Amino acid sequence: MTPAIEIQQLGKRYGALVALDGVDLVIQPGEFFALLGPNGAGKTTLISILAGLTRASHGTASVMGYDVLSDYREARKRLGVVPQELVYDPFFTVRETLVIQSGYFGIKSNEVWIDEILHHLDLAEKAHVNVRTLSGGMKRRLLIAQALVHKPPVIILDEPTAGVDVDLRQSLWQFIQQLNLQGHTIVLTTHYLEEAEALCNRVAVLKQGKVIALDSMHNLVHSARGYTLELRLSSDHLPSGLQMWPSKHDGCLHSLKIKDSSEIETVLSTLRKSGIQVFDIRLLQPDLETVFMKLMEVGPEGVA
Amino acid sequence: MTGFYTLFHKELLRFWKVSLQTILAPILSSLLYLLIFSHVLSNRVQVYDGITYAVFLIPGLVMMTVLQNSFANSSSSLIQSKITGNLVFVLLSPLSYLEIFLAYVSASTLRGLIVGMGVYAVALLFYPLPLWSLFWVMLFAFLGSALLGVLGIIAGVMSDKFDQLAAFQNFIVLPLTFLSGVFYSIHSLPPVWQVLSHLNPFFYMIDGFRYGFFGTSDISPYISMSVVLCCLIAVSGWALWMLKSGYKIRS
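Sequence lines, in order, name chains A and B.
Going by my numbering, the first residue of the first sequence is number 3, and it counts up by one from there.
Going by my numbering, the first residue of the second sequence is number -17, and it counts up by one from there.
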């Protein structure tokens, strides 16, 4: 099967700054893929190269088998990109914007599909309004609509929910999930790790232009072994029997790192023996954020 | 073709939606030039035999308006799109650099011609302007307008800020236009300035255009046509190279 996106040894330099440093990545059709990393990790550079907005210094990239440079017309017809910046053309209405965008892709009459996108993105009532007057969230949705006019099999969203309020974020994700179920490949970058965790089935983590982790969401989250046991106790000191677990405390609120849930009983019985009361107890599962923070601390060298 | 046509149409809409500023305002200012210069100079300057100064001036003013407006169209559209960031919608599309080039140049040419025709039409109401050859008039209007539309692309792509674009306008386009013989025949100039004027491509556009009205000019219209055509090909090559290489727009 032709990969939706295939990247080989992709590199980008801006003078002395290395924005991308030999990235290899293959994304299969139908995946819901998260591209994560701190600011300046190279996520947007990677997307820009795929979209043809930036030229790579070395390496190759293709969309649905079409090279983004030598076969750029075919590649771009198959790619919808939602840029990070809230850009718009103040001369036009919402509908005009979408009709024009369709035309750029060679589509003459696209009214039915435009109506459908407007409906799904809750913009139907604003169709005849100048885009200048739209709120930030609406402009963001218009950007998504623009990326979809040509029904691209591969959709890349660079921070799609930045500045969009919670209600809307939900409906936006529902729509994007629906697109994914219909067979569109979705690649997104986001700062909301819980969103990525809930939606995506595979993740690449970038740091300083390198891929430092590439795995299924399940494997990545579970690579952070152990749980955190949060306890509110009657004492601000742990009994000596519990000193073997790494722990920290803030007054009477203690958090212990345990390996698995079978250790909870040992902890509780030790506390009971020492006459310490337990007021509250919480078991924190590992999440993407924990893994992410850990990856950022270790850096590329620490990841095998 | 749909892609090219859409971008061309979008560029037309862009100036048409603000036609008060992009069409009527330049027509008005050209007519003010005509009114004032012809009033002040009508009794003192006689350029060609049997032609009043005002009538001599009109083709120059029409051409000046054509040139300035086609330059303004592509350059300001590009710089606005660059600064507001919406050029990205064109860049993300499968439009080829040639389609982008042709769309911007065609829209600019059309704007230049529309404004030029406006000035011409209004001037005709007040002055009996002869028309010796429509062919030469249209040819030079078209070539000049296209040439400045292409220069506008170059200026728009090269400029990062509005003041850089204003520098193009004020230090290149405006002096070359004013020193090209819009307001005078270069035969009235001292020899040194006559020679220098021949180095100014704008001179050939104005002189050839004027030939179309009066059948008389400072130099042969064939030479003017060749010079303007060569300039058009040269700057088009430059602009196409910039768009193809992604200079300043695809980092």
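No wet-lab data here; the hints were simulated from the structure.
Because the structure is a prediction, the values reported are computed rather than measured.
Possibly wrong hints are sitting among the right ones.
In silico DSBU-like cross-links for lysine-lysine, where the CA-CA straight-line distance does not exceed 35 Å [stated by the list, open to error]:
(1) B/K143 - B/K64
(2) A/K261 - B/K230
(3) A/K212 - B/K(-1)
(4) A/K212 - B/K226
(5) A/K250 - A/K261
(6) A/K275 - A/K250
(7) A/K296 - A/K261
(8) B/K226 - B/K143
(9) B/K64 - A/K153
(10) A/K153 - B/K226
(11) B/K143 - A/K212
(12) A/K110 - B/K64
(13) A/K79 - B/K(-1)
(14) B/K143 - A/K141
Here's a subset of chain A near chain B, in silico, CB distances under 10 Å, partners left out [claimed, not checked]:
(15) G54
(16) S72
(17) R75
(18) E76
(19) R78
(20) V101
(21) G108
Think of the CB as a built atom: it goes at the ideal place given N, C-alpha and C, for glycine as much as any other residue.
So, going through the hints one by one against the coordinates:
Under the criterion of a C-alpha separation no larger than 35 Å, the hint pairing B/K143 with B/K64 is consistent with the structure, at around 9 Å. Proximity of A/K261 to B/K230 is assessed by CA-CA distance (about 54 Å); at most 35 Å being required, the pair is judged violated. Distance restraint check for A/K212 and B/K(-1): the Cα-Cα separation of roughly 47 Å exceeds the 35 Å cut-off, and the hinted pair is therefore not satisfied. The straight-line distance between the Cα atoms of A/K212 and B/K226 is roughly 30 Å, inside the 35 Å bound, and the hint therefore holds.
About 16 Å separates the Cα atoms of A/K250 and A/K261, which keeps this hinted pair within 35 Å; it holds. Proposed proximity of A/K275 and A/K250 is supported: the alpha carbons are some 21 Å apart, at most 35 Å. For the suggested pair A/K296 and A/K261, the alpha carbons sit about 16 Å apart, so the restraint of at most 35 Å is met. Only pairs whose Cα atoms come within 35 Å are accepted, and B/K226 paired with B/K143 is accepted, the gap being roughly 22 Å.
As the CA atoms of B/K64 and A/K153 are separated by approximately 26 Å, the hinted pair is consistent with the 35 Å bound. Of the supplied pair hints, the one linking A/K153 and B/K226 holds, its CA atoms being roughly 27 Å apart against a limit of 35 Å. Taking the CA atoms of B/K143 and A/K212, the gap is about 34 Å. The hint holds against a cut of 35 Å. Straight-line distance between C-alpha atoms of A/K110 and B/K64 comes to about 26 Å, which keeps the hinted pair within the 35 Å bound.
Proximity of A/K79 to B/K(-1) is assessed by CA-CA distance (about 30 Å); at most 35 Å being required, the pair is judged to hold. At roughly 25 Å between alpha-carbon atoms, B/K143 and A/K141 fall within 35 Å of each other, so this suggested pair holds. A least Cβ separation of about 7 Å between A/G54 and chain B falls short of the 10 Å threshold, and the interface hint therefore holds. This hint is violated: A/S72 has a C-beta 13 Å from the nearest C-beta of chain B, more than the 10 Å allowed.
Given the 10 Å rule on beta carbons, the hint for A/R75 holds: about 4 Å separates it from the nearest Cβ of chain B. Proximity of A/E76 to chain B holds as hinted, the smallest CB-CB distance being about 8 Å (cut-off 10 Å). Look at A/R78: its Cβ gets to within about 4 Å of chain B, closer than 10 Å, so that hint holds up. Checking A/V101 against chain B by beta carbon gives a least distance of about 8 Å; that is within 10 Å, so the hint holds.
Checking A/G108 against chain B: minimum C-beta separation of about 5 Å stays under 10 Å; hint holds.
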